[in-house]
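Student: Using the sequences provided together with the hints, build the complete structure.
Residue numbers (the numbering used here), protein chains in the order written: chain U, -5 to 260; chain G, -5 to 260.
If you are wondering where the hints come from, they were derived from the structure by calculation, not from laboratory data.
No false leads were slipped in.
The list treats identical chains as one, so a pair stands whether inside a single copy or across any two.
Within a straight-line C-alpha distance of at most 35 Å, the following computed DSBU-like cross-link-like pairs (lysine-lysine) qualify: (1) Lys151 - Lys168; (2) Lys245 - Lys168; (3) Lys245 - Lys146; (4) Lys209 - Lys148; (5) Lys163 - Lys245; (6) Lys245 - Lys209; (7) Lys49 - Lys151; (8) Lys163 - Lys209; (9) Lys151 - Lys209; (10) Lys146 - Lys209; (11) Lys245 - Lys151; (12) Lys245 - Lys142; (13) Lys15 - Lys163; (14) Lys168 - Lys148; (15) Lys148 - Lys15.
2 protein chains.
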Amino acid sequence: MQILLTNDDGIYATGIVAINKTLREIGEVVVVAPEAERSGVSHSITWAHPLRLRKAYVENEFFGYAVSGSPADCVKMAAMEIMQERPELVVSGMNLGVNVGIHVLYSGTVAASIEGSILGIPSVAVSIDVSGYTDLEYAAIIARDIIKQVIKNKLPKCTLMNINIPSVKREEIKGIRLTRQCTRGFEESVDRRKDPGGGTYYWLVGGTEVAVEEKGTDIQAVQDGYVSITPLRYDLTDHNLLDSLGSWDWKGVEEDICKAKGILNK
Amino acid sequence: MQILLTNDDGIYATGIVAINKTLREIGEVVVVAPEAERSGVSHSITWAHPLRLRKAYVENEFFGYAVSGSPADCVKMAAMEIMQERPELVVSGMNLGVNVGIHVLYSGTVAASIEGSILGIPSVAVSIDVSGYTDLEYAAIIARDIIKQVIKNKLPKCTLMNINIPSVKREEIKGIRLTRQCTRGFEESVDRRKDPGGGTYYWLVGGTEVAVEEKGTDIQAVQDGYVSITPLRYDLTDHNLLDSLGSWDWKGVEEDICKAKGILNK
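Tutor: Okay, structure coming up:
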């Protein structure tokens, strides 16, 4: 099995080195990852500039390909340029830091996995909480075993699996929870400062979780010491709302569009 | 009504100037937009560098705030730093180029609108197809009228509205369709070239739509000459798959996690 491994922490990150080891037990791993950290770039793609590609030898562990772009770029480059055949599995991670709740939307790690799914390849994102005790080696074993199940059970079209591993010692992991993405916002603020020349600059300060118990979410699972597995889907359509939109009173909409032609069908 | 207007084409783009005019008819508009084009940056946020902010006077039309970051950064900066009170509506656009199908995922325009929704503010993304005849003035009228309906009918939590306007003359617009996001991939390739020094570089070549008739999608609506309205939701959880994951055979998963503790609940 040909596995494409990428991440958003960059090709030299310890997380990708750790998971590369256990993935090699289930297939041939090709690593194509950003040349440096690209955290928080979400599903960015590089279209206004060309990309560069170079071979990288990482920690005496593997040869890989370092790309000058985003995680999503890496998946495109791997599938269309680097790998002889399309990968049969895309793994993104292991990210140092959880990708749960709305951070799923900002995450380059998850976006790379979404990109794999768009290309029709079974795809998984793996992240580990690093706020407490961090056992990358054991996390990579857990990820490998869950990924084996994904391969065996297969994923429906347009989906991917988002795995988050808690920050506790291996014997303290409580189990696995199948979860939904928490949609809660975060405590955020802006920190205004002066540079040495007197100019004003701003830091976005974010990511502090609001302490709310919310059953069934990815955030709650990791906080409780569980491995969280969340099935994601990149169709953003709100089908419930779509079903009810037809009953809205649309008659205020510009006459040419709505009154005269009166068409509001799906 | 306080309206925050942003985009991903940059504060000097013609699309934001056009829609600013019609939005002023329904409220007080504060423009906070990227200082230059940020297309394709998706939901990127700037956390590793500080942001800069400056006032901009655009086309003798409005004063706005130019931010050195992404569209999502603009929404955060507006809500937390620039505006005295939280905006009651976020509009992102009008983007020159449709944001339909999987382009919704790459789009900075849509991401800004998602960011507004995360902050609990009714949010709308507006884009116009520019492949044929482009009437920005009329598109801005259509957008205004649809936005009025959104204000009147209200949006559920975690949702936003994605509006796309076709590239035809105003009298040729066939009506409005309520649509779903097309999940089809695009024809893509990589264009390998040599720089003057003999080094290899790569262009991602993408975005050519596969010609497939697919009823009910955003792509199809715009191609057929309809205004497309797609309700989006930023909860990526695949709830159907989540419901069936419990019945997977999980017994291969690392003994410590699964067999010994046997926990696989939601």
